[in-house]
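There are 2 protein chains.
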Amino acid sequence: MISPYHGGSRVKIPNCKIENLNILPKIQIDEQTLITLSLLKIGILSPLDSFQGYEEAMEISREGRMENGLVWSMPVLLPVTDEESYTFSEGDETTLHFSDKLVALMKIEEKFSLDMYEYCNRIFGTTSIDHPGVKAILQKGNKFVSGHIKGINNYNTHFSTMQPDPDKLRGLFNKKGFKTVTAFQTRNPPHRGHEFLHKYSLLSTDALFINPVLGPKKSGDFSDQEIFQSYQVYLDKYLPKQRTILLPLIYAMQYAGPREAIMHMIMRKNLGCTHFVIGRDHAGVGSFYGPYAARDYVSTFTDIGIEPVFLKEAYYCKACTEISNDDICPHDDSQKSHFSGTKIRDAFLHKREPYPYEMRGEIYNKIIELRSSKQNTVETLDKLEINLSNPLE
Amino acid sequence: MISPYHGGSRVKIPNCKIENLNILPKIQIDEQTLITLSLLKIGILSPLDSFQGYEEAMEISREGRMENGLVWSMPVLLPVTDEESYTFSEGDETTLHFSDKLVALMKIEEKFSLDMYEYCNRIFGTTSIDHPGVKAILQKGNKFVSGHIKGINNYNTHFSTMQPDPDKLRGLFNKKGFKTVTAFQTRNPPHRGHEFLHKYSLLSTDALFINPVLGPKKSGDFSDQEIFQSYQVYLDKYLPKQRTILLPLIYAMQYAGPREAIMHMIMRKNLGCTHFVIGRDHAGVGSFYGPYAARDYVSTFTDIGIEPVFLKEAYYCKACTEISNDDICPHDDSQKSHFSGTKIRDAFLHKREPYPYEMRGEIYNKIIELRSSKQNTVETLDKLEINLSNPLE
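Chains as they are written, first to last, in our numbering: chain P, 1 to 393; chain G, 1 to 393.
Treat the hints as calculated values from the structure; they're not laboratory data. Worth double-checking, as some hints may not be accurate.
Identical chains blur together in the list; that is why a pair holds if it fits in one copy or across any two.
[Unchecked claim] Calculated cross-link-like contacts (lysine to any residue; reagent style SDA-like; alpha-carbon spacing at most 25 Å):
1) 140 with 9
2) 135 with 358
3) 175 with 330
4) 237 with 326
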């Protein structure tokens, strides 16, 4: 059976009425918080319907669980500036704004500060500002507010139409008779190592839900267009369409590795999936986490409610003459051609088409085509256009 | 955890003392019964410690279960001739002989006859003597005896040393920390379609137990030497040795398709395995059963105590450029090169080396080498020599 919602039931947050809200104190939010609001609104972060407070954040940092015991590995925080925090008191209503647009109405429950050194150590395992997630959160200061969100307006129409609706997705799974669905998260165009994971998922469960993460990028990342459209080409040519569903998730990566892997699982559990592929160095960045750190951390939890799928890193093995991994290949390293982000990015930089055992030619060609056309020039999310043939409609 | 014995505990049947047994009435047994005795003795047919009687045989024929409800799909019968049956009464002790050797001591419990037309229809789904299993059993008449087996002497030393010892195998699984083991039964040298199943098994469970069935053949079958030695070459070159165990099972196929698939599962459950691969047309012959008949029948039982692994038929797909099956490949039939026993046998007949995507070259070469040497000329089981590097010793 497809997974129940995390914590039991779906959260739905209504729109808020705009009238008479301009007199309330304002909090300016950034793109990451804007995206978090779109996830909260549609229930992908169920059972959460608010930004979390001090005690909850501390418990999560220490235990990877909410105070009620539910698995939850990263606090969902609303940062405020010192100036903002002077304008309201606990119990006040306040409005959240992105740029000049009113996005949400919230009742302040608590103003608090965190020891960000301890926080980063616990959540990211590092305080180095070379870590993009650490750098981003440290720039926001150490002041936060918690509170019940009374309404959210989807400022960005793309956010509202592009986040997958959990109820609709569950309806689709039920209609198709899927009892088990493996979710696959990605931030890259598919190479043959990814395909190996997809095919294992399609052999071992009823369906594959490919859920590329679109949203803010770090330098060197593939664009949302490149990721999503290359997946459309790939799905069209190489995967069984009746059992593969492709939908994006708008989400701001924090690159917290093991801790973030659990959040990725919870979001896909809320989307009805029963299995989730934990990749090599899942949600990691640079060399901050070991290749199997997420696997080890996830394994310490038995009650997430969605099954982690651990597969070792895939590679092409010349002796096997096929894509393989250390679970099935007995050959030594000299036979193995590993997939690497750097190698793939270089292939595009120098327009050297990858070998067929590295990446399907159609995928390479689609990305080259996008790079030589205007379609790939969007830089911010609110200008993103993706030609979605949405299976939920 | 590795599987408990079917019915709860292992049966062990002692040797019987030879003295003073020559005065007892004699039953002449054939090779199939000799093999059954070796399986009974070592506990692979646990909880069975006797040949089954009329009511048990009828219940099994009707329900696929023993009278106590335990899943058991094919009666284990001891056929006797009319002449033999006149020489003893119920309650008598009798000796079982293969050729001129005393093999077992049994106390007769029941003499009975079966409606062989009904029996064949229920067990084989046919009464056609074109079916080798039907033909074999009809040649034995319709008279049987049941009885408690008081002792078995292993006439054929190969039987005693080659049947895998369930306790030793379980000990090996435990020592290696395997919690899940997929058993793979085969009567053929491995082609790439088999390899696809092996690799899926190694990805989805802790270990793979390759358990080729050696024993009586039908015409056109590969010899025991060819099957076993080609697997040794294959294991050495292409599979992870620490997680793959290769041991033969001496067993006389009855080609009963769906019914026999269940017996294959029970034997591997007794050997400690947790999963068992149900192949295409498993244990079938000719076109008596559909390709997925075993799958359908096995699926009607939920309490066998060993998990069936159903994978659709593998093939090489030119568009995927790899081994695939209908669970993962979206292409049309024109792209697919299917594996077939006939094609493989023809390759050897005409000494045309199969394509690398059909069979590994080392396997082809090993069989060609065996066919051009004297090693492959043994025709009966008691002359079979297999160079076993037995992982259980």
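Can you tell me if residue 140 and residue 9 fall within 25 Å by alpha carbon in one copy, between copies, both or neither? neither (32 Å within a copy, 65 Å between copies)
* **Homo-oligomer pair classification [residue 330, residue 175; C-alpha up to 25 Å]** => between (42 Å within a copy, 21 Å between copies)
For residue 237 and residue 326, with the copy left unspecified, which applies at a CA distance of at most 25 Å: within, between, both, or neither? between (28 Å within a copy, 14 Å between copies)
Handout entry: Within, between, both or neither: residue 135, residue 358 at alpha-carbon 25 Å
Key = For residue 135 and residue 358, neither the intra-copy (33 Å) nor the inter-copy (53 Å) Cα distance is at most 25 Å.
Checked against the numbered hints above, the structure violates hints 1, 2; every other hint is satisfied.
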